[in-house]
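Sequences and hints are given; from them, build the entire structure.
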Amino acid sequence: MKTFSFQLKTPARTAFIDITSIIQEVVNNNRYESGIITVFTPHTTAGITINENADPDVKHDLDYKINALIPKEDPAYTHYEGNSDSHLKSSLFSPFLTLIFENKRCILGMWQAVYFCEFDGPRTRTVYIKILPDTPNS
Amino acid sequence: MKTFSFQLKTPARTAFIDITSIIQEVVNNNRYESGIITVFTPHTTAGITINENADPDVKHDLDYKINALIPKEDPAYTHYEGNSDSHLKSSLFSPFLTLIFENKRCILGMWQAVYFCEFDGPRTRTVYIKILPDTPNS
Amino acid sequence: MKTFSFQLKTPARTAFIDITSIIQEVVNNNRYESGIITVFTPHTTAGITINENADPDVKHDLDYKINALIPKEDPAYTHYEGNSDSHLKSSLFSPFLTLIFENKRCILGMWQAVYFCEFDGPRTRTVYIKILPDTPNS
Chain A
1 MKTFSFQLKT
11 PARTAFIDIT
21 SIIQEVVNNN
31 RYESGIITVF
41 TPHTTAGITI
51 NENADPDVKH
61 DLDYKINALI
71 PKEDPAYTHY
81 EGNSDSHLKS
91 SLFSPFLTLI
101 FENKRCILGM
111 WQAVYFCEFD
121 GPRTRTVYIK
131 ILPDTPNS
Chain B
1 MKTFSFQLKT
11 PARTAFIDIT
21 SIIQEVVNNN
31 RYESGIITVF
41 TPHTTAGITI
51 NENADPDVKH
61 DLDYKINALI
71 PKEDPAYTHY
81 EGNSDSHLKS
91 SLFSPFLTLI
101 FENKRCILGM
111 WQAVYFCEFD
121 GPRTRTVYIK
131 ILPDTPNS
Chain C
1 MKTFSFQLKT
11 PARTAFIDIT
21 SIIQEVVNNN
31 RYESGIITVF
41 TPHTTAGITI
51 NENADPDVKH
61 DLDYKINALI
71 PKEDPAYTHY
81 EGNSDSHLKS
91 SLFSPFLTLI
101 FENKRCILGM
111 WQAVYFCEFD
121 GPRTRTVYIK
131 ILPDTPNS
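Protein chains in written order, with this note's numbering: chain A, 1 to 138; chain B, 1 to 138; chain C, 1 to 138.
For the record, the hints were derived by calculation from the structure and aren't laboratory data. There could be a bad hint or two in this list.
It does not matter which identical chain is used: a pair holds within one copy or between any two.
For lysine-lysine, the following DSS-like pairs were computed, each having C-alpha atoms within a straight-line distance of at most 30 Å [what the hints assert, rightly or not]:
1) 9 - 65
2) 2 - 104
3) 65 - 2
4) 9 - 72
5) 2 - 72
6) 9 - 104
What follows is the structure in structure tokens.
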């Protein structure tokens, strides 16, 4: 199957957007029973991560603490676009993720969701999803 | 081959536990010669990482410094469970890892080990391991 | 195809070295049309990341800020080699990366490059690249 892609609009400079159901739908729509899923975003100021799907305070605290560690403003930054913090957050959260699927279900913990991480929005962003089977006849 | 899983008990709130030999054993027990290994943990306050296998002081310093950067207590945290630091560490270390294997051996540097990272223990934790061959007849 | 590897010499204690063209060349030289690429470095004081390929100030700011957060010197470090900062940076940037390729082209954003991250150089370092097809006949 060709690489699947979709776009999303992010609402703010920093945001965590749940994309778990989109990934599961791609797994549903391909013919493989089991294998791995690569999720990749082609942006240098965004990321893909896994974190808690229940209490929204977790997203708040992730956002608060990463911004406290890596603030937008720092007099020593030299990059003219004013988003050096976003670039570092992108490398630390990383713009890709691998999941395992079995019997056509993503293996995720009961509290896990996959999030698109916006670090320099609001923008329109792209995500790619690639499915590989564990065996050709799986 | 179906996804392999195992459980481990972690000894403390934060700990790095060497799981390299378990991963190599899964490679030994499947029929493929070469490919990639996905290691995944279904928890939002844990991670999987690679670091030094020799001097235990490295683990000590990793633990010391990440806790200094992201302490358990911060008056600005809002999550009621008191483990917001654990969630952020999980996203930064990430709950998965990919390794390459060739001739039935994990490719790892002589100083590298794979560690399960506990950031909110002690608990019983699960790890999944999925093997994909590089070619169907490999 | 066997795992491809190459070596590079890093110029300084910390450096980001663009290896994108080497990865694309490995894709060009294998017979598969589409799939995923695993890039892995077998060192515990280095990493692989994706970030901006245009303004060199971004690399400068990444280097500045990660060193400000995790400085080389800290009186609480216990590891005798004096590179505990390098080990933590390696775990946070991670020593591996997954890319998708389609029609024999790595999927990367127009501003994205893949960087080898040196955190304890200058040294001679090794990188492994493994290609997996999405289907055996792709």
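| said: Name the hints, by number, that the structure is in violation of. | reply: Failing hints, ascending: 3, 5.
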